[in-house]
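Enquirer: One letter stands for each residue in the lines below.
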Amino acid sequence: MKRVYAREEVCVGCKLCEVYCATAHSEYPMDIVKAFLKQKTKPLPRILVEDNLSISFALQCRHCDEAPCTKACITGAMQKDPVTGIVRNDESRCVGCWTCILACPFGAIRRDNQGHKVASKCDLCSNGAEDFEAANASNVPVCVQNCPNRALQFLDSVREGGE
Amino acid sequence: MALSMNTPDFLIERNINRCINCQVCVRQCANEAHHWDAEEEKVVSDDAQCVNCHRCVTMCPTHALSIRKFPLEFRENANWTASTMRAIYKQAETGGILLTGMGTDRPYPIYWDHLLLNASQVTNPSIDPLREPMELKTFLGRKPEQLRVENGKLVEPLPPQIELDLPIMFSAMSFGSVSLNVAKSLVQAAETLGIFYNTGEGGLHEDLYRYGKNTIVQVASGRFGVHTEYLNAGVAIEIKIGQGAKPGIGGHLPGEKVGAEVSRTRMIPERSDAISPAPHHDIYSIEDLTQLIFSLKEATNYEKPVIVKIAAVHNVSAIASGIARAGADIIAIDGFRGGTGAAPLRTRDSVGIPIELALAAVDNRLREEGIRNQVSLVVGGSIRNSADIVKAIALGADAVYVASAALIAMGCHMCQKCYTGKCNWGIATQNPQLVKRLNPEIGAERVTNLLRAWEHEIKELLGGMGINAIESLRGNRLMLRGIGLSDRDLNILGVLAAGE
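First to last, the sequence lines map onto chains R and A.
Convert by adding 14 to the 1-based position in the first sequence; the result is the number in the numbering used here.
Convert by adding 5 to the 1-based position in the second sequence; the result is the number in the numbering used here.
Hints in this document: simulated from the structure, not taken from any laboratory.
Accuracy of the hints is not assured; some may be wrong.
What the hints assert, rightly or not - Chain A stretches covered by chain R per the calculated footprint, using a threshold of three residues with CB under 8 Å from any CB of chain R:
hint: 1; segment: 28-42
hint: 2; segment: 61-70
hint: 3; segment: 441-448
Note that the structure is predicted; figures quoted are calculated from it, not measured.
Beta carbons are placed, not taken as given, at the ideal position from N, Cα and C, and that holds for glycine.
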């Protein structure tokens, strides 16, 4: 399966990936201004730029082959899709117990405390919202599409001996 | 503390209806013109820090930013203009030379824009480059007086030549004044396009030795990074006598820009200012130049052409004649509009002459003296587009040097602050956080795109003239007509007036 890989040597730490991710998962996936200014709850990104001085890169869910979060989930909301391989959190079943957050070895899951408490994480932009899919016809996640320096790549696998 | 009379040059306009306070502008401005006010929970801007590089404007995801000239008016005065007065305020406060970057922005006439090209009509049909072959290939180097052939072979071998798929090369930009990513972008583009890039006076970084067959190495007055391997690494050696932006003075790289890599490549201590002297301290006459040219040829076994680069100044044709007779294979002339990473403002704006006039004068003089074949002519100093290239070749050039145009393709917005080392586009800086911003993949792609586009446009213009090979255009002044030029100008350029 294809995953998002970050290249820290060209990541400029702008955090535009966070802006586009948050917008794509908000009530206004096509309108950044409305998503941030009109929506009552603050849009949350599922990708996070880790930075320290001149090193920065974007981190999100790795959609692990053996995902610890799916084993930790007490309701079965966190599932790895057997066909696409994407690990997705079914928010209608999530009770916000945060066990998956503790289990994730990458720290890629965050708490969404606004409204119905749920665990929030990257879904490789597969959440199926209609107008979102129309824009995402190429099926490349929005963070990859909008990175201004090509620091994010959507590839099958990059490094030997690991994911 | 005495009052500072420096007022901002630019005004940052933020559309509050579109700003989402994402802070991308805060993170991206190396001049710290934007910052996050935690108490007010919004981004605020300090106009005084803005240099108008457009980084924030381009990166803003909602296009909420715009930059305008700061709306502070002086009483109208054609003589004491705002910029003239501000220069005095600055010098009164600092006592220093005014520095600037890139080429002169003064409104001197641009002769390229006063030259018109011919097009075929009835008797000499035009050629369609999409349907018929067009030759842009160019060979630079000394050409012999005559070719003698015996038994189907040349009697004497040709002097060394370098082969270009397009009559365009990337002009010298030293590693130090620009980042390593600029050099990587240019050399990869040069490799794809079949042309060359020039190391400039900063030496050749070890990562780039493998691109040797697309590299011209430069030997400048500071002799930074010059050793035998360096001389043999490229396909040609360029002796830099002068540079169009600052004729008569040497380069200056502030110590802040001399990090570990620059130090190792230039062979100087870290953090020391890299000052190139004005003359080469072993060239004080034309005979000394001959000596250096031949030392370099000896060191490289006479296998590589030697280029001598001069700035376009008064009497440039006499100088060029002397250089041709001194043994140079190629003469590169840099016009007064050429770019630079740092130069004194007054030198950049007042010293040197336009490349169009210099080229015409040199080409004429060499032909009159019967030595035009002894050197190839390469010109630079603001070649902005394919029309300039075609006109330059018609005036007599064998090829052109471009640099500013390539940097603009990579993202330069001509803010003229290269000397601060805070280039937000990752071009004129050594700060690792900023250098990252120029991804060499993207840089190489953009520059290659630009030159491919120019290649096609050159072919269209040539085809329109009924010419299918660049060598039929070289020095073909009859393809040009002047418009809006005085008799004197027309005379110097050697072209007729439009209508004649």
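Enquirer: Take the hints in turn and mark each one as holding or not.
Expert: Going down the list of hints, with the structure as the test:
no.	hint	result
1	28-42	holds (count 4)
2	61-70	holds (count 3)
3	441-448	holds (count 5)
Violated hints for the displayed structure: none, as all numbered hints are satisfied.
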